[in-house]
Amino acid sequence: MPEFFANIFNVEYLLNSLPYMGKGMLGIFIVTAVIVTVVNALNSLPDKGNK
Amino acid sequence: MEVLYETLLAITWPQVAMWAIGGLLIYLAIAKEMEPTLLLPMGFGAILVNLPLSGAASVIEHLFDIGIAGHELFPLILFIGIGAMIDFEPLLTNPKLMFFGAAAQFGIFFTLCAASFFGFELNDAASIAIIGAADGPTSIFVAQELNSNYLAPIMVAAYSYMALVPIVQPPIIKLCTTKAERKIRMVYKGKAVSKRTKILFPIIITAIVGLVAPDAVALIGFLMFGNLIRECGVLNSLSETAQKVLANLITIFLGITIASQMKADEFLKVDTFIILGLGLVAFVVDTFGGVMLAKIMNLFLKEKINPMIGAAGISAFPMSARVVHKLGLEEDNQNFLLMHSIGVNVSGQVASVIAGGLILAFFRGIGG
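The listed protein sequences correspond, in order, to chains A and B.
Here the first sequence stands for residues 1 to 51, numbered as in the working numbering.
Here the second sequence stands for residues 1001 to 1368, numbered as in the working numbering.
For reference, chain B alone in the conformation it holds in the complex (with noise of 0.2 Å):
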């Protein structure tokens, strides 16, 4: 009787309202069906560390350190998942779908300077901006390359905004794109891509990303891995398992070891909500910059693009891409711009972990 009466005396009410929030991503896991995987275990973890007196909090604080304050292990081992995941096919039948990739990137370095302009250190203001980068994995590994003092609501802005691309990206790609332009068919002419390009493919990438941008080796390099041991034919099992149950059992862990950060009293501040409209931010103007590139590319070209594949240069992969290509339906339902989008959406991916890379490059060694 007196445990229970000294922990209720213990309750707080920050620690409740981080239950409401728990709660909130919980049902938006459930109810929703909003990034189920990682929104349900952060949301259980949430209420977890925020019991009065929890025991578990340090149990999951020791996942935190081992997972990802050293050397970011869980984000880089879902890497390679996702890299087993992946057909790169859609992106080498037509290359020059990469600019809309590079180009959706827009939002981060945006972000970056917004992020300043709101009064955030240098490292805090770049580490907040990489959530535009869509990619949950690679927005951890910088901003706790950067030591950046704001990793929780990062994260939850990262993987949250990911989930609600389809509510985000209508609104915007409508606003900078015509009905006509949004008519617009394309016809996907799909090239035979030899197993040779599909095997040098990510050992070529690896090593031009590591020279470029040598910060970023570890991102780039498990997500090539993994998509080697998907294309060279002879992993067939450990392709397999790579997709489904390592990458299962990472996302496990990583949801309930990033709710080690959402402590009452280090979450529920004025910077968390600043951070999730930045987040956002950094989403609208990632989809404007794609979306531009294709209309500036339109002026020069005789056979037109869709502006609105621009838009898949996000990496929020296949979300991203399936939202471009119901749009498109939605409009001309004779229009399939799927297999254009979810090439523009894989070089999203591989774009978002260049311009980690090279904010990596330009600010490790400012953090405190």
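For reference, chain A alone in the conformation it holds in the complex (with noise of 0.2 Å):
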């Protein structure tokens, strides 16, 4: 039985993939928080009446 476990699950496998779980979600925040920065600058203009 544990070696038909070990046939499906590839712990190896797992372990290359958790560092991009990580640097991913990192890379949306960081990239969202720039968005969000530029979107309140925008906002921040005075604005000329053309709405």
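One or more of the hints may lead you astray.
[Claimed, not checked] The calculated lysine-lysine pairs, modelled on DSSO-like cross-linking and capped at a C-alpha distance of 27 Å, are:
| id | chain 1 | residue 1 | chain 2 | residue 2 |
| --- | --- | --- | --- | --- |
| 1 | A | Lys-23 | B | Lys-1096 |
| 2 | B | Lys-1295 | A | Lys-23 |
| 3 | B | Lys-1304 | B | Lys-1189 |
| 4 | B | Lys-1295 | B | Lys-1326 |
| 5 | B | Lys-1191 | B | Lys-1295 |
| 6 | B | Lys-1304 | B | Lys-1174 |
[Said to hold, decoys possible] Sample of chain B residues at the chain A side, in silico, Cβ under 7 Å:
| id | residue |
| --- | --- |
| 7 | Pro-1095 |
| 8 | Leu-1112 |
| 9 | Phe-1117 |
| 10 | Gly-1119 |
| 11 | Leu-1200 |
| 12 | Phe-1362 |
[To be verified] Ranges between beta-carbon positions, derived for each pair:
| id | chain 1 | residue 1 | chain 2 | residue 2 | range |
| --- | --- | --- | --- | --- | --- |
| 13 | B | Val-1187 | A | Leu-45 | 17 to 27 Å |
| 14 | B | Ile-1208 | A | Lys-23 | 14 to 24 Å |
| 15 | A | Ile-8 | B | Glu-1033 | 35 to 45 Å |
| 16 | A | Ala-41 | B | Pro-1318 | 23 to 33 Å |
| 17 | A | Asn-40 | B | Tyr-1188 | 14 to 24 Å |
| 18 | B | Tyr-1027 | A | Leu-45 | 50 to 60 Å |
No lab work stands behind these hints, which were simulated from the structure alone.
A virtual CB, placed ideally from N, CA and C, is assigned to each residue, including glycine.
Take the two lone chains and join them into the complex the hints point to.
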């Protein structure tokens, strides 16, 4: 039975992929933070009444 | 008579199973109205390519070569239509909502690890994970760019689960939140957004994502081009065409083209069922990620957020926003969450493309 699971589950692959979880989420939050900052800056620009 | 005999003899059990699957997709599309624009052509196409000695298979294969294998034209052109349909105003009014869209991509990276654990190579694991983007065109684009061997089950899973959002999300949301949290009311402070901001937003987003994840610039670029057509105010007829005619036309071709990958001998494998399971995991963890970020933010905020809106961060637009709104009304018939959840939902659309770009940046070149 343990051999059966060893054939299905690949711990080595899992360990290889784990760093991408951190990098990916960090990347998304950094890009999001940049976009939020830019949108806030756009919203704070004085309005010329062209709504 | 001889031809009939030859054709009947060529029928195999896996083909019959694919007719049943095609029939099921057509049933879900018509009787349950689940993503009928895609599930119906996919279901019909699945039957078409699995008829014995099917002469249609080569025609649909050709459509696949032109529209998907050839620079992912269909999903990209569809993105112009989607971009023209999206109103980013609720997001621009409250840009902080974008963080929920980011958090709700957690399912993608969780599923990447889960698929790797099941022994899929990194390019395939990443392609499977992108089902969690809850965005058909992004899933097709990424899986094709990464040369995944599992394009068909990925496409079927992506579109099927998008259709199943009203069934998949509510139990997860309820499991992650208390009744008191679900009753939290949120006031919508609808500030007017200037036309200048609406026009600059698609251009700036394209530039930012293009700099960070150049591989995703086609995706975000086509999406934002569609949005720019909508917001510029001088191309109303083009905007209307992109939203309706263009999107519908591409959807017809896309659905039937996906079916070219649903040939019995390629589709009916154990891996397909594992991928369908992993796709579900991606949607569940996406929902969990969005809700959990809202709960964490509530620890620090004076004005509490209803954590259910975090679940709308998956980009299944606009189903996810509607699900959250409906759940809010179930708990308190005066709790209107629609504008907040729509804002989160459109941010999920942008975040899912960014996630796709990051996945491509990490794994392009790995595929065979």
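These are the hints, each one checked on the structure:
{"no.": "1", "hint": "Lys-23/A - Lys-1096/B", "in the structure": "21 Å, holds"}
{"no.": "2", "hint": "Lys-1295/B - Lys-23/A", "in the structure": "23 Å, holds"}
{"no.": "3", "hint": "Lys-1304/B - Lys-1189/B", "in the structure": "14 Å, holds"}
{"no.": "4", "hint": "Lys-1295/B - Lys-1326/B", "in the structure": "20 Å, holds"}
{"no.": "5", "hint": "Lys-1191/B - Lys-1295/B", "in the structure": "25 Å, holds"}
{"no.": "6", "hint": "Lys-1304/B - Lys-1174/B", "in the structure": "18 Å, holds"}
{"no.": "7", "hint": "Pro-1095", "in the structure": "4 Å, holds"}
{"no.": "8", "hint": "Leu-1112", "in the structure": "5 Å, holds"}
{"no.": "9", "hint": "Phe-1117", "in the structure": "4 Å, holds"}
{"no.": "10", "hint": "Gly-1119", "in the structure": "4 Å, holds"}
{"no.": "11", "hint": "Leu-1200", "in the structure": "6 Å, holds"}
{"no.": "12", "hint": "Phe-1362", "in the structure": "6 Å, holds"}
{"no.": "13", "hint": "Val-1187/B - Leu-45/A: 17 to 27 Å", "in the structure": "25 Å, holds"}
{"no.": "14", "hint": "Ile-1208/B - Lys-23/A: 14 to 24 Å", "in the structure": "18 Å, holds"}
{"no.": "15", "hint": "Ile-8/A - Glu-1033/B: 35 to 45 Å", "in the structure": "37 Å, holds"}
{"no.": "16", "hint": "Ala-41/A - Pro-1318/B: 23 to 33 Å", "in the structure": "28 Å, holds"}
{"no.": "17", "hint": "Asn-40/A - Tyr-1188/B: 14 to 24 Å", "in the structure": "18 Å, holds"}
{"no.": "18", "hint": "Tyr-1027/B - Leu-45/A: 50 to 60 Å", "in the structure": "53 Å, holds"}
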